[in-house]
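J.: Take a look at the letters that make up each chain.
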Amino acid sequence: MPRMTDATCKVLLALTKINPQDHYGLAIAKATGLKPGTLYPILARLEEEGLVKSDWEDLDEASAAKRRRRRLYELTAPGITCATDAAVKLTERTPVWARPTGGAVTA
Amino acid sequence: VNVFVGVLFAGFVFMLPTSVALVRLIADKEYASWAPALAGLIARFGLAFIPVAHRERYREEWLAELDAKREEGQPPIFWAVSMLFGSIRLRPTLKRTPPQRAVAGDTSPAPAEEAAEEAAETLDARTPIRTFWSEMEGTGFWRARDGSFGDGPLRDGPLGQRGGPREGEERSPE
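As you go down the protein sequences, you meet chains A and B in turn.
Just so we're aligned: 28 in the working numbering is position 28 of the first sequence, and the numbers increase by one with no gaps anywhere.
Just so we're aligned: 149 in the working numbering is position 149 of the second sequence, and the numbers increase by one with no gaps anywhere.
Chain B on its own, in the form it takes in the complex (with noise of 0.2 Å):
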């Protein structure tokens, strides 16, 4: 019995770093290459939050930080969670600002202007959630032809529009 319970040990000994090594390389190698998916989602998400009329402004700015952080080697996560907490503090400075006025010093949003705001601000408090999946239309997130998983720096087409095909590809009939 004592000789067995050694063994077992001592396999228990060999097998638990070994173990932990392998599920580590694994997990390592898992958040690499869905991390930079995950952080684009989060910061998505985020820009639920910002009003409409700021919001196209916001998606390139941090997308192209996001990229930067992700080039840098440095973990986009925390990055996109904080600015998922961000673009909660923003929106109120952010729907007293009219985008493009305040550099001009001039506040006053033009009447027409304001009630289309007011118009789409309302619709997008209502509806949060199909705001989310509006915001993820056309990033190819989810219909990845080559197998990986997320969407890359240039994935969207050229820079700032959003649903070109990539070099060399055909845009598909769909």
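Bound-form chain A, shown alone (with noise of 0.2 Å):
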């Protein structure tokens, strides 16, 4: 089980709720308010630990777009369970007041 911080559930959490297409990494910054100075180290460190796998973009749809291709992260089933828990402790962790409506926090 990894470093459970604020940052590392917000990505677990925005892997859940994003569309599976927008898993790269600037579309998970984005969903996280994080940087990616702070984004790549937490998801290589849920990689190392079998949360999160990752896997190159289909080359045909990178080159019908006329771009690079991109790396895409997806949640394991372990890593599933472990999302679960961080939007438990995300919750916990923010003070009541500044829960949205409905007492969870996502990311």
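To be clear, the hints were calculated from the coordinates, so they are not data collected in a lab.
Keep in mind that a hint or two might mislead.
[As the list claims (entries may be wrong)] With a straight-line Cα cutoff of 20 Å, these simulated SDA-like cross-link-like pairs (lysine to any residue) come out:
(1) A:Lys66 / B:Phe78
(2) A:Lys53 / B:Arg57
(3) B:Lys95 / A:Lys17
(4) A:Lys35 / B:Phe9
(5) A:Lys53 / B:Arg59
(6) A:Lys53 / B:Gly73
(7) A:Lys53 / B:Thr93
(8) A:Lys53 / B:Phe78
(9) A:Lys17 / A:Ala65
(10) A:Lys30 / B:Pro92
(11) B:Lys95 / A:Ser54
(12) A:Lys30 / B:Gln74
(13) A:Lys35 / B:Gly73
(14) B:Lys95 / A:Lys66
(15) A:Lys17 / A:Lys35
(16) A:Lys30 / B:Lys95
(17) A:Lys53 / B:Glu56
(18) A:Lys35 / B:Arg91
(19) A:Lys35 / B:Leu25
(20) A:Lys30 / B:Leu84
(21) A:Lys35 / B:Ala35
Grab the two chains, each in its own frame, and use the hints to assemble them into the complex.
T.: Printed below as a string of structure tokens:
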């Protein structure tokens, strides 16, 4: 189990929320509000722990869009469990007055 | 004397905002032209801190994201600087993880692979400047023939392959 900082929790939650086609670094950074200097070490750590796996985007898709291919990140089965825990932890750490209506904190 | 000072002051009041606007216009254009190239340069410098085994992956990933950032019309320089700091923080994690092993859950590298990576790392650590310049080789950064400065999103050739000629362009004999 990795060290569950707020940033790590946000990354895990973002991977459950965003459209799977947008699971690349820039989109995750936008969803979490993290800078790449924070995001990439977290993603590498999660990948090392086996909670996240990554693979290259389909080359044809990237060629059709006339851009370089992106690296897409995906939660593994343990990662999904960890993301559920992350949501609980993030909610617990957020003061009641700062939580959105409904009580749960999202990325 | 008062009239002279008045004229001088009026001229100064007129010239100052005009000059500032002109300088800003030129600076904006200059910034727009060299910012993407500088961002690429900073990102490539950051790659020198990434372990050799992982470097190709992060090169492609980061350059793709810099392109995306540029297409959105946002300044990529701050993003690249953050990547530079990120690469320093990434290094310890990546040194522990052989590429493509973490997914399978196997974190023990083969002895030969480990020795080769260690040797490359040692060489790399001793020659960071040379590593940086070798990163710059073949990017066309310093040798753009069309007068533009820097390498655009697809200037490196086909996706994932560096050094390829552009469409309709012949490869130079060098």
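J.: With reference to the structure, classify each hint as holding or not holding.
T.: Results of checking the hints against the structure:
1. A:Lys66 / B:Phe78: violated (24 Å)
2. A:Lys53 / B:Arg57: The given pair, whose Cα atoms are some 14 Å apart, holds under the 20 Å limit.
3. B:Lys95 / A:Lys17: Violated: Lys95 (chain B) and Lys17 (chain A) sit about 30 Å apart, past 20 Å.
4. A:Lys35 / B:Phe9: This hinted pair is violated, its Cα atoms lying about 47 Å apart.
5. A:Lys53 / B:Arg59: holds (18 Å)
6. A:Lys53 / B:Gly73: It is violated: about 30 Å lies between the C-alpha atoms, which goes past 20 Å.
7. A:Lys53 / B:Thr93: The given pair, whose Cα atoms are some 15 Å apart, holds under the 20 Å limit.
8. A:Lys53 / B:Phe78: violated (27 Å)
9. A:Lys17 / A:Ala65: This hinted pair is violated, its Cα atoms lying about 24 Å apart.
10. A:Lys30 / B:Pro92: violated (25 Å)
11. B:Lys95 / A:Ser54: At roughly 18 Å apart (the allowed maximum being 20 Å), Ser54 (chain A) and Lys95 (chain B) satisfy the hint.
12. A:Lys30 / B:Gln74: Measuring from Cα to Cα gives roughly 13 Å; hence the hint holds.
13. A:Lys35 / B:Gly73: holds (17 Å)
14. B:Lys95 / A:Lys66: Violated: Lys95 (chain B) and Lys66 (chain A) sit about 33 Å apart, past 20 Å.
15. A:Lys17 / A:Lys35: holds (19 Å)
16. A:Lys30 / B:Lys95: Violated. Lys30 (chain A) to Lys95 (chain B) sits at ~27 Å, over the 20 Å cutoff.
17. A:Lys53 / B:Glu56: holds (17 Å)
18. A:Lys35 / B:Arg91: holds (17 Å)
19. A:Lys35 / B:Leu25: violated (29 Å)
20. A:Lys30 / B:Leu84: holds (18 Å)
21. A:Lys35 / B:Ala35: holds (19 Å)
Of the numbered hints stated above, those contradicted by the structure are hints 1, 3, 4, 6, 8, 9, 10, 14, 16, 19, listed in ascending order.
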